[in-house]
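At position 85 of the sequence shown (counting the first as 1) the number is 718 in our numbering, and the numbers step up by one without a gap.
What the hints contain is simulated information worked out from the structure, not anything from laboratory work. Note that the coordinates shown come from a computational prediction; the quantities given were computed from them, not determined experimentally. All residues carry an ideal CB built from backbone N, CA and C; glycine is no exception. A few of these clues could be false.
Below are the EDC-like pairs computed for lysine to aspartate or glutamate, each with C-alpha atoms no more than 16 Å apart in a straight line [unchecked claim]:
id, residue 1, residue 2
1, Lys660, Asp766
2, Lys764, Glu672
3, Lys717, Glu763
4, Lys648, Glu752
5, Lys660, Glu763
6, Lys681, Glu638
7, Lys704, Glu646
8, Lys648, Glu672
9, Lys704, Glu682
10, Lys648, Glu753
11, Lys715, Glu753
12, Lys656, Glu672
13, Lys648, Asp766
14, Lys715, Asp751
15, Lys656, Asp693
16, Lys648, Glu636
17, Lys660, Asp693
Taking CB as the label site, the calculated pair distances span [claimed, not checked]:
id, residue 1, residue 2, range
18, Arg757, Leu724, 29 to 39 Å
19, Ser641, Arg768, 11 to 21 Å
20, Arg644, Glu753, 29 to 39 Å
21, Ser708, His737, 25 to 35 Å
22, His642, Gly749, 32 to 42 Å
23, Asp671, Phe744, 16 to 26 Å
24, Arg757, Glu646, 13 to 23 Å
25, Arg768, Lys704, 17 to 27 Å
26, Ser657, Lys717, 16 to 26 Å
27, Glu765, Ile720, 10 to 20 Å
28, Ser639, Glu752, 34 to 44 Å
29, Lys704, Ser657, 15 to 25 Å
30, His642, His737, 16 to 26 Å
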Amino acid sequence: MDEFESLSHSRWECKYHVVFIPKSRRKSLYVGLRSHLDEVFLQLVLRKESQILEGPLMPDHVHMLIAIPPKYAVSQVIGYMKGKSAIHLALVYGERRRNFVGQHFWARGYFVSTVGRDEELIRRYIRDQEKEDARLE
C-alpha cells in the first residue's frame, strides 16, 4: 500500500498500530490458534474494507499494523474484529473451558497509535516482537 487508497470521493492513507490482549492476559494464543485467528482477522477486516499490513500474533497479545478507510472509526473496526472473532472462537474452540468464558475472549480496550513517517520502524517493531518476547522470558 505505497500509494493512496481511493473511495468514491476521497483518496486516503490511514494506518494504525493496534495492540490488544486476551482476557486476563493469558498466554492462550498457542500456535494452532494463532494461525486460525490470522485467517479470521483477514476475513473480518475485508468486511470493513480494511487491510492488515503486518500482524503477527504473540502468545499473550496481538500487534497489528492496519489500514482503515476514513469512513470507519478505528473503534468500530477493532470492536467488530474483537467481537466477531470472540464469537467465532467460542463456537469453534468452546469445549476448551480454560480459555473461553462464554464469548468473552478478549480483554476490554486496546491501544491504538497513528502511523506516519515512522511506518517502517513500526513494521520492524511488530515483526521483531516475538524474538524480543522470547529473549525477555
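To see whether the hints hold, each was checked on the structure:
1. Lys660 / Asp766: Given pair Lys660, Asp766 holds - Cα atoms ~12 Å apart, limit 16 Å.
2. Lys764 / Glu672: 22 Å, violated
3. Lys717 / Glu763: 25 Å, violated
4. Lys648 / Glu752: With a Cα-Cα distance of about 9 Å, the restraint between Lys648 and Glu752 holds, given a limit of 16 Å.
5. Lys660 / Glu763: Satisfied, since the Cα-Cα distance of roughly 13 Å is no more than 16 Å.
6. Lys681 / Glu638: Judged against 16 Å, a Cα distance of about 14 Å means the pair holds.
7. Lys704 / Glu646: Holds, at about 12 Å.
8. Lys648 / Glu672: 20 Å, violated
9. Lys704 / Glu682: The hint holds at about 10 Å.
10. Lys648 / Glu753: The given pair, whose Cα atoms are some 12 Å apart, holds under the 16 Å limit.
11. Lys715 / Glu753: 26 Å, violated
12. Lys656 / Glu672: Distance of about 21 Å is beyond 16 Å: violated.
13. Lys648 / Asp766: Violated: Lys648 and Asp766 sit about 24 Å apart, past 16 Å.
14. Lys715 / Asp751: Violated, because 26 Å separates the two Cα atoms, which is more than 16 Å.
15. Lys656 / Asp693: Satisfied, since the Cα-Cα distance of roughly 9 Å is no more than 16 Å.
16. Lys648 / Glu636: 12 Å, holds
17. Lys660 / Asp693: 4 Å, holds
18. Arg757 / Leu724: 29 to 39 Å: Given range 29 to 39 Å: holds, Cβ gap about 36 Å.
19. Ser641 / Arg768: 11 to 21 Å: 47 Å, violated
20. Arg644 / Glu753: 29 to 39 Å: The hint (29 to 39 Å, Cβ to Cβ) is violated, given that Arg644 and Glu753 are roughly 22 Å apart.
21. Ser708 / His737: 25 to 35 Å: Given range 25 to 35 Å: violated, Cβ gap about 18 Å.
22. His642 / Gly749: 32 to 42 Å: 23 Å, violated
23. Asp671 / Phe744: 16 to 26 Å: 20 Å, holds
24. Arg757 / Glu646: 13 to 23 Å: This hint holds: roughly 19 Å between Cβ atoms.
25. Arg768 / Lys704: 17 to 27 Å: 41 Å, violated
26. Ser657 / Lys717: 16 to 26 Å: Distance hint for Ser657, Lys717 holds at roughly 21 Å.
27. Glu765 / Ile720: 10 to 20 Å: 31 Å, violated
28. Ser639 / Glu752: 34 to 44 Å: 19 Å, violated
29. Lys704 / Ser657: 15 to 25 Å: The hinted range 15 to 25 Å is violated for Lys704 and Ser657, with Cβ atoms some 34 Å apart.
30. His642 / His737: 16 to 26 Å: 39 Å, violated
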